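Trainee: Going line by line, the protein sequences match chains S and U.
Mapping to the working numbering: the first sequence position 292 is 1557, numbers consecutive.
Mapping to the working numbering: the second sequence position 11 is 16, numbers consecutive.
Think of the hints as simulated: they come from the structure by calculation, not from any bench.
Just so you know, not all the hints are guaranteed correct.
[What the hints assert, rightly or not] Result set (DSS-like, lysine-lysine): computed pairs, CA atoms no more than 30 Å apart in a straight line: (1) K20(U) to K1448(S); (2) K1534(S) to K1702(S); (3) K1805(S) to K1448(S); (4) K1404(S) to K20(U); (5) K1300(S) to K20(U); (6) K1751(S) to K20(U).
For clarity, every value in this text was computed on a predicted model and none was experimentally measured.
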Amino acid sequence: MSNDNLMMLSDLPESFDLNKKRTLEMSAFTEAVDKAMDMSSPKGQKVMSKKEKIAALDQIVAQGLDGLESSQMMRLFSAYRDLAAFDKMISLYDNSVNEDFKKAPMVREQLAVAYRKLPRENNSIAKVWDYYKSIAISKDLIREGYGNGVCFENIGRCCRYIANRSAESESSSAQYHQQALLKKSVQQFETGFLNSLETSVGVQAMHGNIMLGFPERAKETAKVVYLAALRDGAEESNDYFCISAALQAACIAGEDRKTIEHLYNQLEKSFSFSWEIGDIQRDMDRIAKVFPSENIEFVRNSLEKTRQEVIPETLVKQGIEVKTGLIRFNREHDKQRHMTSDPKLRAVLENSYNYRGCGSTFRGSNRVCGNMAFGGQLPDHAVSRKDLRLFTGLIKMTPDQLGVSLDHESGVDPNKPLTEIKDPEVFMKLADQLIRKTFSTENFANSGLHMENNAFQKEKNGESLYDATVKSVLRATGKTIGEKSKTIDSRTNISAIFALGMGDCRHHAQVKQIMFDMWQKEQMNALLGTMYRTALSNRKISSNAPERKEFFGILDTELRSADVQVMLPILMQQGKNDKGETWDLLYKPELTTDGKYVVDPSNAQHSLEEHTLCWLIKRNRNGELTAFGMRDAFYQKLHYEWGNMDVDVSQIKVNENGKPEIPAGVIPASKSSSGKEIQVCQIPTSYNDGKRDSFIKDSIGRDVCLVGIPLDGFATPSDFLKMIKDRNGMFKIMENVLQNDPENKNWKRWLEPQTQKQEKETTVKKKSGLQASIKRTAFVSKDNRQFFDALNKKTR
Amino acid sequence: MKEVVYDVVCPHCQKRNKVFVLLSDDFNEKEEFHCDFCGLEIGAVEAAEPPRTEYIEEE
């Protein structure tokens, strides 16, 4: 195929069989590639060697590339890359006929890297040719408007490597050429950093200026690199190179001892191999020659102590530098992940996550795993460069274009982009409006279902209309609910789920999180850009610079998503197993006959429900939690007022396991069996461990998938907006999917017009305690009926 | 520039590898390297060019 078979969302209702076939084919392909790369060996057999793995992948390639989709090509491409088979990557790319794959910027970035890394033994001319080819691919991408940090970094590295080879020659012209290439290399890193503000490029611009003998320029660059590293979450990173860059930049920029000590502790935790200590020691020695300081001496002394601790001299042989592989420390590391000694701040940060720095890595796509591979119903939640681009596009639009508004007093100009709003609260109000409108939170797909009631309001078949629609969409994408398969691709980009408008609390939080993070990133990048332009014009960036102050103001205000249990001292209905063991049933509180919560006489806390929401966290530069609030896009009108609830920081407790216990308002006395208010508390769920995203290997960075099926129609942010605004169109798609699903639990009959429908009384237990059991006729909503009547007329 | 040789045990297949790393006298760049036996990435190292690995056959 010359292009991918992308599906329009409108094709979904008619695609059950097609997607089933497609899912099976894709799964079989994934299984074949995974088998080729399998590390485990059957009992008594040797581990498959690289040669054998490559031969197995070659066999798949030999079956023909013509029918392969981009994601399949990418899986092969990545598999070769994982084996360092760079020659195979190049030939796979050359032989591919899929233009979507060949044109994808992420694929071409990797191709450029493959040329750079392709081994050529002692053939120096061939290697220099590879470097020039690699530069040419990166330059093409820059010319086409895809010049990100990876492209500039690649050009800079290639120039440096060619310069190194020139240095081998003793001729004066070669050495002149070497200097010119070094200057060109630094220029590329500087341009790359200015364009992308990516730390990995900035640190090389900083090193390059030291090498060229421009220490002042290097120092000013370091100031911006350090801030860019903080923007990307360096403070809590576990990545050796990220922390090493942040530490070097902080030392050169003259940051305080507390910062240096924290980064050093993080660095020590990140060491896996002995040479990592040697590498940073070499870098710090060079930095010390140009920027001597007490902080640098502290780092050098600490590094030497660590080296002596983990690398016994006896293992360093004479003549060549032979070192053992993995490092083992005989002591516990400092477990602190954040630059704070405030236990409250640490507890809330370590039990939440955001997207700062996400999607900017080389592979470009991240996922938070769902549970479909284990037979569950939760697809993998994916965030790719494409999602970042689409959501960044949205926040560059005006409230008018997005169809949201605030009153005149808010000061929001309906004709200016959201990026111009400075107040996070104002931004979040507009974001909430857009999110709730798109997910039709207060009247799901015009069905009368208020999504805030969804967890508690089920029909007799145990489902709500929303639950049934989710299951039908899973089946429409060719998935079998309950089937366990590791190779099932359930990747669901946040853009796809938002465009369709099918989201529960998790999706509300994820969309709000990504919008907020992109909005903050735009603001931080604008400030970093201003500061870096100062550095490039050989002027100093003052520690009191207004841009720097503003930057920290944004950095220290974080929106973070958290998975929490909602705890109350109320009795819950009990589950029971064969052994007679009992446990609290989530979402099923005991209620009095008049629908009030039954307070537990022992005052013990019980988990009413699990929920995902956003917390707004503010801290000061001393690393103290100064403000905390719920900024939930989901629970705003019913049950809890978490849309904008501030919490007194002094009331937050940290338990013996370091988990925060956060007061979250009260249930009014009128809804309590005791006649007194019931305190609500949030604690992190057992599976909440902060950041949990992992890389996706079969994404070309451009694809938007719905439960593993690549979608069409997401080319630009304007296309994305068109779908977001087409609510009635999307409602119709969801309704048709539900109607066409042969496995749905009688929802088809429920959706039939009133005259043909068997009147059926359904008891809906609304267990939130707001009301007792409500008797209602199924399909009660007038709006709902009118909507489906109108649909039926249209269909006829 | 000088070449250093690291003796590395692959964390995936436990085979020993010699990793030949060319180091410049100045700052180097981060480059990944792979096990020459099983092919999987072992880690990254600062180097003046992408490193080369050789699997050490043991008796």
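Trainee: Just pull the numbers of the violated hints for me, sorted ascending.
Mentor: Hint check: 1, 2, 4 fail, others pass.
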